[in-house]
Amino acid sequence: MTRIVSSLKIVSMLLLFIMFLNISHAQKCSLGMTPLSASVRATPGQTAIIIWNLYNIYGDRLTHVSLTYTSDVDWPVTFDPALKNVTYDIAGQIVTVTENLALEPNPPVTVKPEVIPPGTNYVKHPFTDEYIPVKTVKISIKIPENAEVWKTHEFTILAEGNCFTAPGAVIPSLSTPLKITLQVVPREFYEKAVLQIPWYVQYSYVIIAIVIIVLLGIIYWSYRRGKKLTQKVSKK
Amino acid sequence: MNKEFDAMLVVTIAIIVLGVFSVIAYRENLVSGIASLTGYATWNQTTSASVTVNEYISATLSNIPIDFGSLDPGTTNQPATNNPLLVQVGAETNVEYNITLNGTTNFVSGGNSFSVGNLSYNTTEITTPTPYELNVEKNAYTNEPCPCGTQADRNVWHYISVPAGQVAGAYSANIKITVKKST
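Here the protein sequences line up with chains A and B, keeping their order.
All the letters of the first sequence, read from the start, carry residue numbers 1 to 236 under my numbering.
All the letters of the second sequence, read from the start, carry residue numbers 1 to 183 under my numbering.
Worth flagging that the hints you see were computed from the coordinates, not collected in a lab.
Being a predicted model, the structure only gives us computed values, none of them experimental.
Be a bit skeptical, because a hint or two may be false.
[Claimed, not checked] DSSO-like mimics (lysine-lysine), calculated; alpha carbons at most 30 Å apart, straight line:
| no. | chain 1 | residue 1 | chain 2 | residue 2 |
| --- | --- | --- | --- | --- |
| 1 | A | Lys-112 | B | Lys-180 |
| 2 | A | Lys-151 | A | Lys-84 |
| 3 | A | Lys-142 | A | Lys-179 |
| 4 | A | Lys-84 | A | Lys-227 |
| 5 | A | Lys-124 | B | Lys-181 |
| 6 | B | Lys-176 | A | Lys-228 |
| 7 | B | Lys-180 | A | Lys-179 |
| 8 | B | Lys-180 | A | Lys-142 |
| 9 | A | Lys-138 | A | Lys-151 |
| 10 | A | Lys-179 | B | Lys-176 |
| 11 | A | Lys-227 | B | Lys-176 |
| 12 | A | Lys-124 | A | Lys-138 |
| 13 | B | Lys-181 | A | Lys-138 |
| 14 | A | Lys-84 | B | Lys-180 |
| 15 | B | Lys-3 | A | Lys-84 |
Work the whole structure out from these sequences, hints included.
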């Protein structure tokens, strides 16, 4: 009897320990992305489009992602998917979240599926022979018609991921940025040599004007001199 | 005398007209230049090849939310019951990275609040407990080496002080953990 009781005590302690482990290692909120930077060239009036891939390969719950941006210019930037309110049932509680998209936990796969749903993709894992399932975000930047050519502008897109956890005192969120460098380029390409113009050609019109004035001055002086001489001769 | 003057006048006008005509006629040539092409036995041109290797980064938070349990007002520097917060930087991350912390709200319970500055943290790099400041990004880990195939675990320990006389209630605050490529 005592042996049975001792065994039961050991088993219950083991069970409690396993439950404790599960609780400790639960609640993983994960957010990943690629790329981290992008360089774009666009002409005035064009819309630059950048595709950003977001993923959740380590989490154990949805990561709710909202997107914001900062920039050195006031040009319109839009995201697809757009920001929206979504209602979730979380263990019996109805909660409304404002998000651009939600990332389900989705580990890497060894084979890409033949049919890939829109808004998703698979990117090559950089270190293994696997593919990371991603959700794609389309970032559109509209360049104004009067944008100055050959100027470069910086845009920073911030993805902030939040997960629902058990009620707690401090609720952390995860964020990572995408840096976009956008250069405005002219609509057409041309190339022509710019020659150094000699000064006497550059100022040819001015030189001509001066020569004319001098010559006219000489003519007028000669005329006056001739007239005086004529007057002297007629007096004699 | 008049004849000499007339002759000089005619010559002068002729010089002026000739000069103006010359400049107008040949200025374009002087400005634009003349290009000529000499035959070459061989022709070569240089170009360049380029490729961009894509960058990946991910982070996973564990031991969340940061919980301090129940504390009395006036308590100072109490550690979180589930310290440390674990930030796991994914194995596919192929860049050096920084981890920063930002307290984006104060501790709030209904109409009562106290400053997020009562929350402090330390890491293996920042060994002195450092208080949060509202909406100020603080360094936790800087220029960490690329995981490049091996997951990297980074710990953040949290401590809280409850102001004396603080009204009872369940307070919560938000902090933002940013993992980004080192510049």
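Hints that the structure is at odds with (numbers, increasing): 2, 4, 6, 11 and 15
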